[in-house]
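There are 4 protein chains.
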Amino acid sequence: MKRFMHTYFVRVRYADIDQMGVVYHARYLEWFEAARTEMLRDMGIVYKELEQSGIYMPVIEAHCRYRKPVKYDELIRVKTVLGEVSRSTIRLEYKVQGEKDETVRVEGYTVHCFMDKSGKPRRASQELLSIFQNVQRP
Amino acid sequence: MKRFMHTYFVRVRYADIDQMGVVYHARYLEWFEAARTEMLRDMGIVYKELEQSGIYMPVIEAHCRYRKPVKYDELIRVKTVLGEVSRSTIRLEYKVQGEKDETVRVEGYTVHCFMDKSGKPRRASQELLSIFQNVQRP
Amino acid sequence: MKRFMHTYFVRVRYADIDQMGVVYHARYLEWFEAARTEMLRDMGIVYKELEQSGIYMPVIEAHCRYRKPVKYDELIRVKTVLGEVSRSTIRLEYKVQGEKDETVRVEGYTVHCFMDKSGKPRRASQELLSIFQNVQRP
Amino acid sequence: MKRFMHTYFVRVRYADIDQMGVVYHARYLEWFEAARTEMLRDMGIVYKELEQSGIYMPVIEAHCRYRKPVKYDELIRVKTVLGEVSRSTIRLEYKVQGEKDETVRVEGYTVHCFMDKSGKPRRASQELLSIFQNVQRP
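Chains as they are written, first to last, in the numbering used here: chain A, 7 to 144; chain B, 7 to 144; chain C, 7 to 144; chain D, 7 to 144.
These are calculated hints, taken from the structure and not from any lab test. Just so we're clear, the structure is a prediction, and the values are computed from it rather than from any experiment. Heads up, some of the hints might be wrong.
For identical chains, the list gives no copy identity; a pair is met inside one copy or between any two copies.
What the hints assert, rightly or not - Derived lysine to aspartate or glutamate pairs resembling DMTMM-like cross-links, with alpha carbons at most 20 Å apart: (1) Lys126 x Asp48; (2) Lys8 x Asp122; (3) Lys54 x Asp79; (4) Lys77 x Glu67; (5) Lys54 x Glu105; (6) Lys85 x Glu67; (7) Lys85 x Glu99; (8) Lys101 x Asp122.
Could you put the whole structure together from the sequences, leaning on the hints where they help?
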């Protein structure tokens, strides 16, 4: 199965660095957020409009493995891949690499559910599911 | 005139440090926020409840002077002083010092207006003004 | 086996809230950091001094499950428990709960290795291991 | 005098929004940092390399005026203008605007000094000053 993939570039800021001189570990979750928002946009889903239509996709699980440090002013790539999709959850997988360098520095995943504004779980609409499924043809 | 003063303690985290090995300059604005929220609580104003009653006090101006660095794991004090209060704005002034050390590391101020949920400016209620004025007796 | 446990309190700030009106999911990793630093201090280990002695304990893995939202101005508890300890890694487990409320809102863990300043893995000293083992008596 | 100007684009993330549903006020200082780093790069100064050569330009003063809110998922422009330059300090001025909209949402400035790694003030080299002065021809 071909899995939908998106690459997001981000320049490491002064603000991202911690006491150890490398990117603070929580920052990757912000980059994952930015990366998946752009991935969705690429697939035709503007997350802001999804919210306006009453569908929210909060993170219910997040995981990171930190393999190699990322340093100040590096231009890095966050590669996002659409993982398992069901009517109740969706999984996204991330790999952080240097601009031209294939070493995986950090990898992780997030799992999202679908809910309405009040926080009640709901199932993804057929329309939404179709978008996800159409980009993952065998 | 005696001015109302509040001291807020904060422990510097790994996350607060930047590439230079000192607290990242934007972080102080977060501490100022925490400090003024506790100062208001001390005066009997729970900011969350103020919002629930329809009054918001957004920052319309912020200023910082960075005199000496603050480092990882320091326990620092943020001293907040209630400045000028009018029906349309309020000013708060901050000094950041070490736990036991009188040197001012950072100082700054924020100016806040009063507005409703829709973002329309409104004047502070007499009740709110009284609280502010009562703590600043000559 | 009795496992060493520490409770860290944190007041939710304006800055911690996201577009959904709840704590932004990456923020918990910062609170986990603050919580484990205080837990270590409680055990007699000042992390800053550990670093000065040449031992670093970077996060090599982090995981979060978000069960229930946390909101603005809540005073929450982060309960940290010392998990598995070996000569090469240490695991810490976290539960986030309201001030008086036993519902687990968020839970997670972090795994740390031991390394020197240059980033080379090293084994924990016997002294350090003893501290960890002494607080976990059967 | 023509003043050197640079435009930096940034997409507003979920993480940037606060309890009020607009960009948290401290976040602008991070964007100013990113904007001036890119402006310097445009002028031929890679800030990372400047640091490696022993010259640091820490923020010694920062100011913001918040005029209109910025919201989630907006693509905004940060226009940076090189202000007054002397041998001991440099001033940068920022305006935040929507992607296509001329309304100034936020404006501010930062003042930077020159120092060495130990934190001792030093004067800018003639070479560095020349770069700044060459981009500001009358």
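Going through the hints against the structure:
For the homomeric pair Lys126 and Asp48, neither the shortest alpha-carbon distance inside one copy (27 Å) nor that between copies (36 Å) is at most 20 Å. For the identical chains of this complex, Lys8 and Asp122 are neighbours neither inside a copy (30 Å) nor across copies (42 Å), given an alpha-carbon limit of 20 Å. For the identical chains of this complex, Lys54 and Asp79 are inter-copy neighbours only, at 7 Å across copies versus 29 Å inside a copy, given an alpha-carbon limit of 20 Å. In this assembly of identical chains, Lys77 and Glu67 lie within 20 Å of each other by CA distance solely across copies; the values are 18 Å between and 26 Å within a copy.
In the homo-oligomer, the alpha carbons of Lys54 and Glu105 lie at most 20 Å apart only across protomers (17 Å), although the nearest pairing inside one protomer, at 29 Å, exceeds that limit. Taking the shortest alpha-carbon separations for Lys85 and Glu67, both the intra-copy value of 19 Å and the inter-copy value of 19 Å come in at or below 20 Å. Only within a single protomer do Lys85 and Glu99 lie at most 20 Å apart by alpha-carbon distance; the minimum there is 8 Å, versus 29 Å between protomers. Within a single copy, Lys101 and Asp122 get their C-alpha atoms no closer than 30 Å, and across copies no closer than 26 Å, so neither meets the 20 Å cut-off.
Going down the numbered hints, you'll see the structure goes against 1, 2 and 8, while the others check out.
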